[in-house]
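From first to last, the protein sequence lines are chains A and B. Just add 577 to the spot in the first sequence (first one is 1) and you have my numbering. Just add 1 to the spot in the second sequence (first one is 1) and you have my numbering.
Quick caveat, the hints were computed from the structure, so don't treat them as lab data. This structure is a prediction, so every number in the text was calculated from the model and none was measured. Just so you know, not all the hints are guaranteed correct.
[To be verified] In the SDA-like style, the derived pairs of lysine to any residue whose C-alpha atoms are separated by at most 25 Å in a straight line are:
#1 A/915 <-> A/621
#2 B/121 <-> B/131
#3 A/767 <-> B/168
#4 A/834 <-> B/143
#5 A/834 <-> B/164
#6 A/770 <-> B/161
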Amino acid sequence: MLANKRMLALGTGVVAVAMTVTACSSGAVQSGNGSTGAAGGAVTLKVATVNNGQMKDMEKLKAEYEKANPGVTVNFQVMEEGDLRAAVTADVASGAGQYDIVTIGAYETPQWGANGWLVDLTPELQADSSYDVNDLLPPVRDVNSYNGKLFAVPFYGESSILMYNKEVLDKAGVTIPQNPTWQQVADAAKKVKTNDMAGICMRGKPGWGDLFAPLTTVVQTFGGNWYDSNWKATVDTPEWKEAVGFYKQMLDDSGEKDPVSYSFNECLTALKEGKAAMWADASVAASMLEAADSPVKGKMGYAHMPVNKTKESGWLWSWNLAIPASTKQKDAAVKFVKWATSKDYIKLVGTKIGWSNVPPGSRTSTYSIPEYKEAAKAYAPITLDVMSSVNPKQPGVNPQGWVGIQYVSIPEFQDVGNQCAQLVADYLANRGTIDDALGKCQSIAQAAGDKHKK
Amino acid sequence: MTTTTTKPTELEDVPAATATDKRRVQRKELWRNRGLLLPAVIFLILLTQIPFLTTIGFSLTKWNLLYPNDRAFAGFDNYTSALTSGDLWPSIVATVLITAFSVVLALLFGLLFAMLLDRKFRGRALARTLMITPFLIMPAAAALIWKYSMFDTNIGMLNWLFRTLHLPVVSWSTEHPMMTVVIVLTWQFTPFMMLILLAGLQGQDKGILEAAQVDGAGAWRTFTWITLPHLRMYIEIGVLLGSVIILQVFDPIAILTKGTGGTKTLAYLLYERAFIGLDVGQAAAYGVVTVILTIIVATIALKSVFKVFMAGGSR
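So here's chain A without its partners, still in its complex pose (with noise of 0.2 Å):
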């Protein structure tokens, strides 16, 4: 009997040790095999990207690739967001080489430009006058820089801008202009609201890349922001207050009923659905709506990202390219690098696979060619709109010591965005006062921001 008690304890202590485990060894875990070198002239490059639509049609494409550069081999390896942020994350700062080719997102370029663990693509790309450099929309090229220089080059970019249903808004006699304030989208939201249809649908799901994209625009055309330019966490501000306020009354009055479950995915549907009137949020959600299988499609309109202090407030996102330094095969990575950022690509995919597909976002010219203009017609030209109009060095109000939108580029911004979200998350469902959440949350973010003072 004594000898069932001491197994059973065991295997409940086990049980609680499998738990640990998992939880902690998903860093160091490291899968598949080193690069293979160029073995008599033949190069085999590691892409590690994500499992977007646009990547995986990289992928498709990769045998033109390979069929106009003898010799190369292109291996993909596509991964979930999160998968990918671990395994480049642990690869790239160990500099184990692993990849040589990585996509990564706008808030690591700088952060890891800074660390020096990227290889500086600057002169390669003005050295090539074909690839056009400055073609590539300004407002990605800041963000995906660091000191000037350029360390990762954007395949695709979004902004976000304002959805909303014409129809509807039509029939409740609500016009919303080019470029709204806060203000007059609630109103609006407030009237077309039904029993059966919110007024508006705003991203209420806690997480920093969930609730906190649209709400820390928000905060910034407010007045607010995460840090002043000397790193002070400025969370408990009347601006943060009045911002965080609006959201939640926007939301009691006119917005979705369950706002913690909805996010992106949640807040698509309801707009399919005609169970939203409005939706701000990614400008990639407008070729979806405008997709041949939406019920939506051709019904929607689009303004730019509503404001009320500043004159823009669009978020900017981009999945990029880049390089670790850690690679043993530079030169044929560059080229890859610049042939998936081309002009010439973007062409590609609009031929091989159609001008709907092709990465919206990254290049001035992608705008001007006929075909994609006329498949993207609906959303296109305010997409390039907002895209080239946002700041990202200077977004809200007040001058910042980072450059970027809806995100704070110190590695420890995932982490403080989570449990301030969660704790904004408990104020719109009241179970807490809005003192409360932004007292605690202003001092998880001065902790964070204690060690990037100067």
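Following the hints, position chain B against chain A.
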């Protein structure tokens, strides 16, 4: 070629065994038994204790994946921050509440369904298979099914029902996060409890039930005085196994509530520290604290509450 007549003489031929001889034989047997168990024990140690030691090692290291070059021995810093951050206690409360509610509810429903399925009726095999299904669905899939087809305010069946009955629509994850998680877990673990209890019910001596009936005991008295005491052992096993499994639950929290509203269990807290904070050292420290707490609670619970595991615990 032994016959019954030679047997007594053989027995007499055997020299009287001394106490030491017996002990020697016993010890020999003991070592043989241990030897047979050894591979399994070594395997178990390799698989569980080495990772555990590694985790302890990590927990004493300052190691954030975001600062890969800033890795050093940290002493007990990670433990200090884990214990003082204020995250641990709410997390323990959340874990205990979610586990307790889910286990008790699953047990009650499981008992109900087990009693029903214990009766003979047409299509019993089919009903039993259908009842077990929730337990066979992957936890993440189950949580997604509930999120979209049951809880959703627009397309969920629960809210469709409320609307049809002219009741207000319920925003499950926002207004009742804990209940949301408990409902999904109860749904998933009811079949588990049902299976265990059904096994117990089917092992019940029908003769006793008949005798009770003959003696004039009603259905309720038969149930409370005969069936329930008989089921005690099965209930204990169900509660123990159910608790061990639900204690580590992760999927419904990650998918439905993201740890808000008092649903941040220890498993989810660990995930957040490791995968969002990317702080390996701190996550490991939380893990070690969790293991220590679990062992303490499990030891006390097993010694005092569960009759099955008590010395001489005949029912």
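Structure-based check of each hint:
For the hint linking residue 915 of chain A to residue 621 of chain A, the alpha-carbon distance of about 17 Å falls within 25 Å, and the restraint holds. Between residue 121 of chain B and residue 131 of chain B the CA atoms are separated by roughly 16 Å; this keeps the pair inside 25 Å, and the hint holds. A hinted pair counts as satisfied when its Cα atoms are at most 25 Å apart, and residue 767 of chain A with residue 168 of chain B qualifies at roughly 22 Å. About 22 Å separates the Cα atoms of residue 834 of chain A and residue 143 of chain B, which keeps this hinted pair within 25 Å; it holds.
A C-alpha spacing of about 13 Å is found between residue 834 of chain A and residue 164 of chain B, which places the hinted pair at or below 25 Å, so the restraint holds. Between residue 770 of chain A and residue 161 of chain B the CA atoms are separated by roughly 19 Å; this keeps the pair inside 25 Å, and the hint holds.
Taken one by one, the earlier hints all hold for this structure without exception.
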